[in-house]
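Trainee: Position one of the sequence shown corresponds to residue 25 (my numbering), numbered consecutively onward.
Do not rely on the hints blindly, as some may be mistaken.
Restraint ranges, calculated between C-beta atoms of paired labels, are given here [to be verified]:
hint: 1; residue 1: Gly40; residue 2: Glu69; range: 43 to 51 angstroms
hint: 2; residue 1: Met141; residue 2: Lys72; range: 44 to 52 angstroms
hint: 3; residue 1: Met70; residue 2: Arg158; range: 40 to 48 angstroms
hint: 4; residue 1: Asp73; residue 2: Asn199; range: 33 to 41 angstroms
hint: 5; residue 1: Ala80; residue 2: Asp113; range: 37 to 45 angstroms
hint: 6; residue 1: Asp113; residue 2: Asp34; range: 15 to 23 angstroms
hint: 7; residue 1: Asp73; residue 2: Lys198; range: 46 to 54 angstroms
hint: 8; residue 1: Gly127; residue 2: Glu75; range: 22 to 30 angstroms
hint: 9; residue 1: Lys72; residue 2: Arg135; range: 46 to 54 angstroms
hint: 10; residue 1: Pro194; residue 2: Lys72; range: 40 to 48 angstroms
hint: 11; residue 1: His155; residue 2: Lys76; range: 26 to 34 angstroms
hint: 12; residue 1: Ala43; residue 2: Gly131; range: 32 to 40 angstroms
The set of hints was computed from the structure by calculation and includes no laboratory data. Since we're looking at a predicted model, the values are computed, not measured. Yeah, the Cβ is synthetic: ideal placement off N, Cα and C, and Gly gets one too.
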Amino acid sequence: MKKFEEKKFDIPALKGISAKNIEEHLKLYSGYVKHANLILEKIEEMSKDSEKNAYALGELQRRFGFEFDGMRNHEYYFSHFEGGPKAPDAKSALRSAIEAEWGSFDGWLARFKAIAMTRGVGWAILYYDAHTDRLVNAWVDEQHLGHLTGLSPVLALDMWEHSFVADYQPSGKKNYVEDFFANLNWQTAENLFVAATAS
């Protein structure tokens, strides 16, 4: 049976977000990969008698979305730090699309940061919708509730407390969001956008 493989990330020293926090955060990511694989193994095994195991299979299927999205969300998130901070290219296709959708880059950024401050645990995600050729901001509860079907993530910001409490305390959530953008390699988001628009 094919397995999901844990990705390795080359993350430099970051402003505000400690190496220890990244180390612990990567362990959580590793757990999502492990459990996504484990659930698929269990589903394969229990499907041999799907009638007898109907209830357990249903619960495993429900849980799979949480584990899989936890894995994939973190892959987007950690990739944004690779290569060190890089400012957005003023002439990039992503920048142009953001300005077309929200009127200005700063206007979009203010909205996205406001979404990131949503109470509770989850993700602020910038998506590209190929059906309408537009960008959409969204809040995703936990790892999987509220993901926009068929849309491609371009930028993913982890707003679970484990991503910032060790370095910022609960009251420092806003500072964490600011530092995320200070550490962001915008080329990673631009590459995701180009790939999404090409498909």
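Trainee: Against each hint, give a clear statement of whether it holds in the structure.
Mentor: Each hint tested on the structure:
no.: 1; hint: Gly40 x Glu69: 43 to 51 angstroms; result: holds, 44 angstroms
no.: 2; hint: Met141 x Lys72: 44 to 52 angstroms; result: holds, 47 angstroms
no.: 3; hint: Met70 x Arg158: 40 to 48 angstroms; result: holds, 41 angstroms
no.: 4; hint: Asp73 x Asn199: 33 to 41 angstroms; result: violated, 53 angstroms
no.: 5; hint: Ala80 x Asp113: 37 to 45 angstroms; result: violated, 50 angstroms
no.: 6; hint: Asp113 x Asp34: 15 to 23 angstroms; result: holds, 21 angstroms
no.: 7; hint: Asp73 x Lys198: 46 to 54 angstroms; result: holds, 52 angstroms
no.: 8; hint: Gly127 x Glu75: 22 to 30 angstroms; result: violated, 56 angstroms
no.: 9; hint: Lys72 x Arg135: 46 to 54 angstroms; result: holds, 49 angstroms
no.: 10; hint: Pro194 x Lys72: 40 to 48 angstroms; result: holds, 46 angstroms
no.: 11; hint: His155 x Lys76: 26 to 34 angstroms; result: violated, 41 angstroms
no.: 12; hint: Ala43 x Gly131: 32 to 40 angstroms; result: holds, 34 angstroms
Violated hints, listed in ascending order, are 4, 5, 8 and 11; each of the other numbered hints is respected by the structure.
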